[in-house]
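Undergrad: Generate the whole structure from the sequences, applying the supplied hints.
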Amino acid sequence: MSASSAFIDEKGGSASEPEYGHDPASGGIFSSDYKRHDDLKEMLDSNKDSLKLEAMKRIVAMIARGKNASDLFPAVVKNVACKNIEVKKLVYVYLVRYAEEQQDLALLSISTFQRGLKDPNQLIRASALRVLSSIRVTIIVPIMMLAIKEAASDMSPYVRKTAAHAIPKLHSLDPDQKDQLIEVIEKLLADKTTLVAGSVVMAFEEVCPDRIDLIHKNYRKLCNLLIDVEEWGQVVIINMLTRYARTQFLNPNINESLLEENSEKAFYASDDEEEEDKKDEVAPLAKRKPYVMDPDHRLLLRNTKPLLQSRNAAVVMAVAQLYFHLAPKAEVGIIAKALVRLMRSHSEVQYVVLQNVATMSIKRRGMFEPYLKSFYIRSTDPTQIKILKLEVLTNLANETNISTILREFQTYIKSMDKDFVAASIQAIGRCATNIGEVRDTCLNGLVQLLSNRDELVVAESVVVIKKLLQMQPEQHSDIIKHMAKLIDNIQVPMARASILWLIGEYCEHVPKIAPDVLRNMAKTFTNEEDIVKLQIINLAAKLYLTNSKQTKLLTQYVLNLAKYDQNYDIRDRARFIRQLIVPTDKSGALSKYAKKLFLALKPAPVLESTFKDRDHFQLGSLSHLLNAKAGGYQELPDWPESAPDPSVRNVEIPDWSKCTSRKDRKEKKAEKPFYSDSDGESGPTESADSESDSGSGSESASASDESGSGSESGEETESEEEEEDEEEEKKKKRKKHLDKTKAKKPVEESTESEQSSGSEERKRGRKAVKNQKSASESESESESSESGDESEDESEEESESDTDIRKKKTPVSKQPPKQSKKESKKETQEMSLLDLDDFEPAPASAPVTPVNFMSSSLVSDLEGLSLTDTILAPTTITPSGSIKMYELLHRITGEGLAVEYCFSRQPFSPDPNMVAVQIQFTNNTNSETKNLHIEEPRLQCGMRIREFAEIDVLSAGESVTVVMGIDFCDSTQAANFQLCTHTRKFFASIQPPVGELMTPVFLTENDFKKEQGKLMGMNEISEKLTLGEKCVNEHVIVERVTATANLSRVPCGSDKECSTPPPPPAPVYRFAGKTVSSGCLVLVTVSTKEGGRAQLTVNCEKMLIGTMLVKDIMQALSQ
Amino acid sequence: MIHSLFLINTAGDLFLEKHWKSVISRSVCDYFFEAREKAVEPDNVPPVIPTPHHYLITIYREKIFFVSVIQTEVPPLFVIEFLHRVAETFQDYFGECSETTIKDNVVIVYELLEEMLDNGFPLATESNILKELIRPPTILRSMVNTITGSSNVGETLPTGQLSSIPWRRAGVKYTNNEAYFDVVEEIDAILDKSGTTVFAEIQGVIDACVKLSGMPDLTLSFMNPRLLDDVSFHPCVRYKRWESERVISFIPPDGNFQLMSYHISAQNLVAIPIYVKQNISFFETGSSGRLDITVGPKQTMGKTVECLVVTIHMPKVVLSANLNATQGTYNYDPVTKILLWDIGKLNPQKLPNLKGSLSLQSGAPKPEENPSLNIDLKIQQLAISGLKVNRLDMYGEKYKPFKGVKYVTKAGKFQVRT
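Going down the list, the sequences are from chains A and B. Take 376 as the starting number for the first sequence in my numbering and just add one per residue. Take 13 as the starting number for the second sequence in my numbering and just add one per residue.
Derived from the structure by calculation, the hints contain no laboratory data. Warning: the hint list may mix true and false statements.
Covered stretches of chain A, going by a simulated chain B footprint (3 or more residues, C-beta under 8 angstroms) [unchecked claim]:
1. 722 to 733
2. 989 to 997
Just some of the chain A residues that point at chain B, by a computed CB distance under 7 angstroms [what the hints assert, rightly or not]:
3. Lys432
4. Val435
5. Val468
6. Ala689
7. Lys712
8. Pro757
9. Met791
10. Leu1001
11. Asn1002
12. Phe1362
The structure displayed is predicted, hence computed values, not measured ones. Note that beta-carbon positions come from the ideal geometry of N, C-alpha and C, so glycine has one too.
TA: Listed below in structure tokens is the structure:
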């Protein structure tokens, strides 16, 4: 084929004149090259594309072989505007290669690219930018800058990605552009497409890795996008986030590191304690600060975990290092399996992974212990892999597994690979020093090796034995004697030196042999290696001190030899020792101490892994591998003492879609000192979420809310009474407010949503607006109210973090937490700032909503209520009498574990299509229950479960509350699943009452009627009933209905009805809601008639739901 | 990140260079040659070589060294993994990744490298996208090309890169819609002298060849998914469904790809299909030795063991072997010191045996260690772990695809110590 022929041409050329490629400067080449290039030039100048293509192919083949083709530049650059895509591509290849050398000529091509940048085809725009930014010509920097800026706001994500790629190119070309480039990076970081994310983070890492502040706002988004980013981008993002997390969160192992000295036991103990910390932040823990993981920290860990399953080893390694550096000790273990899996990969991958495993296994030995056998060595492994495996095996050795490991080592010693054998012997030595029990066995084994035929093996053994003997020399004079005999046969200097040192050090144990050895060595002194000579001097000195009678002359002799040695070190040492040991008149005070100096007890050497403390380099990095800082390496920062303000990561939900329009708002928020501790992490949006329920249910968020805290159950009855008294007044207020809200609504929509209204309210508000505007949704509006539905991806994470808090908080929820008090204050102030209105307690941004008595905060009196009580209900509500608890697991069948659940009627924030089910576990046993989690959900088609996070430990007598979400698909089919503890599994089933499948919706009376009009005929179910005896007033009826179904009351609207204090004779009560899963409207009308009769009408598209709901409400009302 | 790439063959010839940033002189490879010399075996060349101004990260594959030049900190695995991806892409394009094919297709290689990296950062590595950008050569096309003078570069611009499913191109059409899955399991094991298992595990992969039109959404389920201990997936697999339901749900890439790999490490689950009785001994005097090996079936689940090969790396002092094989052929290469015994099918009635004497270099001390045996084998129609595909369902398309599953068990790193 043509390409190959091109190549062969080249080859042919170089065969005849072989010096071409290597020396382009010599004259001969130029002449002949010139000739050959002439025909290429001709081809390039022709009008035939095929000839051009052929020429370009040959040129590219030249480039590939590293030959100089620069003299063709003028001929090639002409073709940059060629129509033929194939030719064009190859011209690009050429340009990128040679533009730097021929800057002036390269400028000819620029206009083509500039035209390309405006092309309607995104791929052409992208490729133009790519080449433009790749030709390294300084003069076009301004053009590049402009092009990048423009491309950064291109419609096509692919072009934006190319822009991100171009940033580091420009930066390396002209570092002065940094500031402008950072602006572009900031802009691209806000991009929410996965295509761009990886590339822009790469640009960030190359241009401004220290500008961690740019990440804050994008942190959660990056975490959430991560799984969909292409694999290379994942690696870069994960590495960057590791560094980010190190600066922003607290050390999850902080409590353990305090206890580290107590090793094993402390490990478990603190583990438990940590759990407790999580469960109960208030519990006074002696001495230590309770640690609560930042939800954002948790988010990162959670979202990276699935990537351990990636096929790309680099991604797996990135996640592994993230877990190693960031996860609580107890969770790090999960990475072991994945890393072991990588060991099956190519040997280069194996090499890098083993390096990292070696470092990890020192810090966290337990992690890899189960995989010990995966590190066994095969004779076919390359030596470098063998040695690393050996390192890991040695690190993993402990009392329990040492015997198997030693057995393995024994086979290794017989290997043909001598380097590996030497390493094995050292490994045995290390095991022996670390594990006292096997020291003697190892020593015996090593002594046997002394009779090995291979000198290297013997030498290595000697060195290791020497180190081991130092630990307990008394018992081993036999070995020393044995080694003394060996000295004649061993030639390896290190080994000889070791033996001499041993004899010198322990000459008292071998008093007869030592002088003899010295005599022998004195004979050969001049021929020894330096290191051996030094040891001979050393031995002589020691013997002189202990046994001067026999060795005095020998010592003198050796010292004299040394005096004239060529090596100054040896001469020096000889002089020094002579002065020290041989008493003369002049000898100083020191010689008295000579014996002490030489024969001091020396500490046994500690045989340490070379991988110790390597973890101060970020694992998986080049620097870690080389154990030296590589250029451009970003230090892994130490954990901060106290966490920086977590609220910096808060992003208003509308921000996802429209970040620029909201800038001012953002700033305003940033200034505010938000909640100072853990609660704050959830940020304003999230807390608004949780708040919304208390607010939404309440009669009118307008005036009353501050008093009715969602968690308070006792108050309800009181306030009910109060409420009746206040009825009239309230109505006035309500009306007043209603007018106001109506007028204000559109504004509110955009301004207040982030602050005060949660998704719930927003949805309701949106409905309202929608209706008002007769369903013409302007875009911006939908964006601002979207949070609940479309932009799940983004909001999901926040809300999940919310769930986390929820869990932690539960036990505390009885007493209103302090910070929420503060918060509510804040909230109110904030709101009163926002709507400059006259009514005093006035937080009231929400449109007037009917009371939802059950769901949470109760409406109580309007005025003068303290600002201190929370509006912000904690998201798990304390089960009160009014919310019906269902039994999931009786404590007898559950063997002491009692499980109850209720429908909390909170919106389930991770997924708005799910019903929140609050589950309370109570452990009635005397022992703790562990690992409570859900398994094997057996669901009807379409149903989904979002499980709660596993409860690690539930101690005896404790109870804990969690929230899970179930999407029942608007059916009353039960969700079946298994509830698992660490020992048992229980079958459990949750069947929702029909009333729980819906969520309140705010409608005005008019809207209600309009919607009802659409749901006539088959969709309307009507029944007559007689009200029960107790259903005498409005309040009771409303309560009964809302207790049965999660609906909100439609305010009896605009006109006459409410204006007159006494309710009209035949009041009509309307309730509205929508089904959670599919969002179908559910409209309920109860019109009372005289004599306790009433008519109940339900309008709902889903007839089944309607029918069931009618039945339930009838039953409730007729009691 | 990746600055330059040099391809070097085992003889030390540098036959291709590509620079993504400024040109780096090829003299930087001298550091590599130095390390290469020191390492003796190509396997032992350190993957990362620091030089005064650069770092060289190297992989060795198909007798080619891929030497990349790095200037700043980058995760080494990132580069290694990328280089392997490059090699795989070559393999995918040219059928094999060898010096000759690379030289023959140098323009395509260059174009591929250009597309795969931009400024040293990976750009397009999915083979489906690359194939749209640069068409792979086929015999037919190269003939047409030589006649018409056109080349392999696509006329139309690809769209796949921009879709939400980056691994699949749009508008795939086949007349025969078929999906084949190969469950390939490899047994990694170390047996000791007495035949007891020191270590054994199963490494499995599911290779898929999916040729389906449109945008099929496939679901593959297993009879016994709990067997799988540790899995890794092609990016197309929906991880969440695996987590919750243990089914593999995915929109497949077009053509051949590796769907997943898995790992079964519980030792009791690993059946060892054969046993080896061996006796290798070297005599102290007379510079000779004896060798006697018998192979027999152990847990084969009623299937035949095929393609049985025993490889022995002999000690350096073994000069020649004079052996007699009851079945198959043996060959001793005195240069590489490798004894290869190709048995073929294992006959349980008449066990194959290799017996005879070895002659050693005279005067040399007898080897201390007996060489270990590496076994290769193949069992068709069996996944040794017992993994079974339950069913394959397709959603999203109307036609009925032809489906097939094949099981093979092979020996992976199967070693018998002696």
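Undergrad: Hint by hint, which ones does the structure fall short of?
TA: 11 and 12
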